[in-house]
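A.B. asks: Here's the letter readout for the chains.
There are 2 protein chains.
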Amino acid sequence: MYSSEKYPSQILREAVEAIGSLPGVGSRSALRLALHLLGQPAESVHHFTAAVNRLADEVHYCHICQMIADADTCAICADHTRDARTICVVESVRDVMSIEATGQYRGVYHVLGGIISPIDGIGPSDIHIRELVERIGRMKGEDIEIILALSGDVEGETTSLYIYRQIEGLGVKVSTLARGLGFGDDLEYADALTLGRSITGRQPFRP
Amino acid sequence: MYSSEKYPSQILREAVEAIGSLPGVGSRSALRLALHLLGQPAESVHHFTAAVNRLADEVHYCHICQMIADADTCAICADHTRDARTICVVESVRDVMSIEATGQYRGVYHVLGGIISPIDGIGPSDIHIRELVERIGRMKGEDIEIILALSGDVEGETTSLYIYRQIEGLGVKVSTLARGLGFGDDLEYADALTLGRSITGRQPFRP
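As you go down the protein sequences, you meet chains A and B in turn. When you line the first sequence up against my numbering, it's residues 1 to 207, in that order. When you line the second sequence up against my numbering, it's residues 1 to 207, in that order.
What the hints contain is simulated information worked out from the structure, not anything from laboratory work. Watch out, some of these pointers could steer you wrong.
[Claimed, not checked] If you only want the chain B side, here are some residues facing chain A, beta carbon under 7 Å, derived:
1) Leu33
2) Ala69
3) Val133
4) Glu134
5) Arg135
6) Gly137
All C-beta atoms, glycine included, are put in the ideal place defined by N, C-alpha and C.
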C-alpha cells in the first residue's frame, strides 16, 4: 500500500480516506475508486455526489411506520389494499425491502430504526418503540396482529421481549417469524441449534 | 435483488444507481452502502461528497509531467534532488504511485493519461505524447534517458513503439522495464511466455 505521506495530492489522499471510511471498502479499493472518479468528467462526479447528498438532505420518513419515503407517508402505508391491522415490526429499512421482495406479505410495517443493544449504548428510547405503542393505541378494534420480525440473536430477542412487555396489555395478537431449517436445506449441514429448534418446534405434516 | 420498481424511495434508488456505477461495486453492495450512508448524520455524508467533489474541481495536473498535484508543479518535478534527465513514461497516476512505492527510482515521470487503443477509440493525439516530445525538445544536452514503462499487452507495446518512433531522432537513450520471472517465483508456476522470455533475455550471473 502506498504510504500516506507519499500521496501525490492532499486532495486525492482526503478522497481516498473518505471513500475508505465506507463499510467493506479497503484502502486499496478506495484508491482504485478515487482514481476512477479522478478520470471521470466533472459532471459525472457531481451527478454521483448530488445523488448521495440527496440521501442526507431530502429523504423523508413515513409518519406512520418510520420507513424511508419520498413523502410524509410511505407507499406501503398509503396503499389501501394492504392490511393495515397486521403490523410487522422490523429493525431496518433493509428488512422491509427483504420482506417486500418475497411478495408474501400484505400487511404493513413498523421500522424501529435500530435494536436494543446496551453494549452499543442503544436503549429502548433510542428506537421507535414508543411510536409503535402509540400507533397501536390509536387503532380501534381487537383484530390487530403484531409480528415481531427481529433477528434471532441476543439483541433481537431482548428487543422482542421488551416490545412484548409494552404491548401485551393492549389486546393485540403477537406473533414472531417461524424459525427452522431453510427450505431445501440438508440436515447434514444445518447447525445444531437450528436443527434442535426445528425438532422441538416441529409442525403438523401437510401432505 | 430488490427489483427497481419496489424501491421505497426514488432518492434511494438514484443513490444506489449512482454508487452502483462505480467499477467493481455490484448492485447489492451499492444498496448496502446507500443504506449505510442513509444512517449517517448529514454532516458525515456532506464531508464524504465534498471530498469526492474536490477530486473533480480542485485537482491540478503538473505542467511538466501531467501527474496530479495540488499546485501547477507536482512534488516530484519540484524536488531538485531528483534526476530530471531520466524520464519514466507511464500510463497513469496509479503507475507513478506504484513505482514511487518501490523507493527504487530517483528520476522523474511523464504521465500519458491513457494508452493507444484503437478499439476504445484512443489515438496518439488523445494522450500526452506531444507534451513528451516537446518536453524532450526543451531539454539541453545528450544524457537524457527515456524509460518506457508501459504494460506488456498489445496496447502497451503499440504505444511504446509509437513513442519510440517519435523520439528516436532526438538523441535520447530509450530503455524499457526488465521483464522476466518475478523475484522468488517458482519456474513450475510461471506462464510459458514469461519463462520463455526469461531464457532468451537471460542476464550475466552476478555472484
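A.B. asks: Would the stated hint for Glu134/B survive a check requiring a Cβ distance to chain A of less than 7 Å?
C.D. replies: violated, 22 Å
A.B. asks: Can the hint on Leu33/B be confirmed by a CB-to-CB distance to chain A that is less than 7 Å?
C.D. replies: holds, 6 Å
A.B. asks: Tell me if the interface restraint on Gly137/B is satisfied: Cβ within less than 7 Å of some Cβ in chain A.
C.D. replies: Not OK, violated: Gly137/B not within 7 Å of chain A, min 25 Å.
A.B. asks: At a threshold of 7 Å, is the proposed contact between Arg135/B and chain A supported by beta-carbon distances?
C.D. replies: Hint on Arg135/B: violated, closest Cβ of chain A at ~18 Å, above 7 Å.
A.B. asks: Can Val133/B be said to touch chain A, with a Cβ gap under 7 Å?
C.D. replies: Val133/B check fails; min Cβ-Cβ to chain A is 23 Å, beyond 7 Å.
A.B. asks: Given Ala69/B as an interface hint, is the shortest Cβ-Cβ distance to chain A below 7 Å?
C.D. replies: For Ala69/B, the interface hint holds, since the closest Cβ of chain A sits about 6 Å away, which is under 7 Å.
Hints 3, 4, 5, 6 from the list above are not met by this structure, while the remaining hints are.
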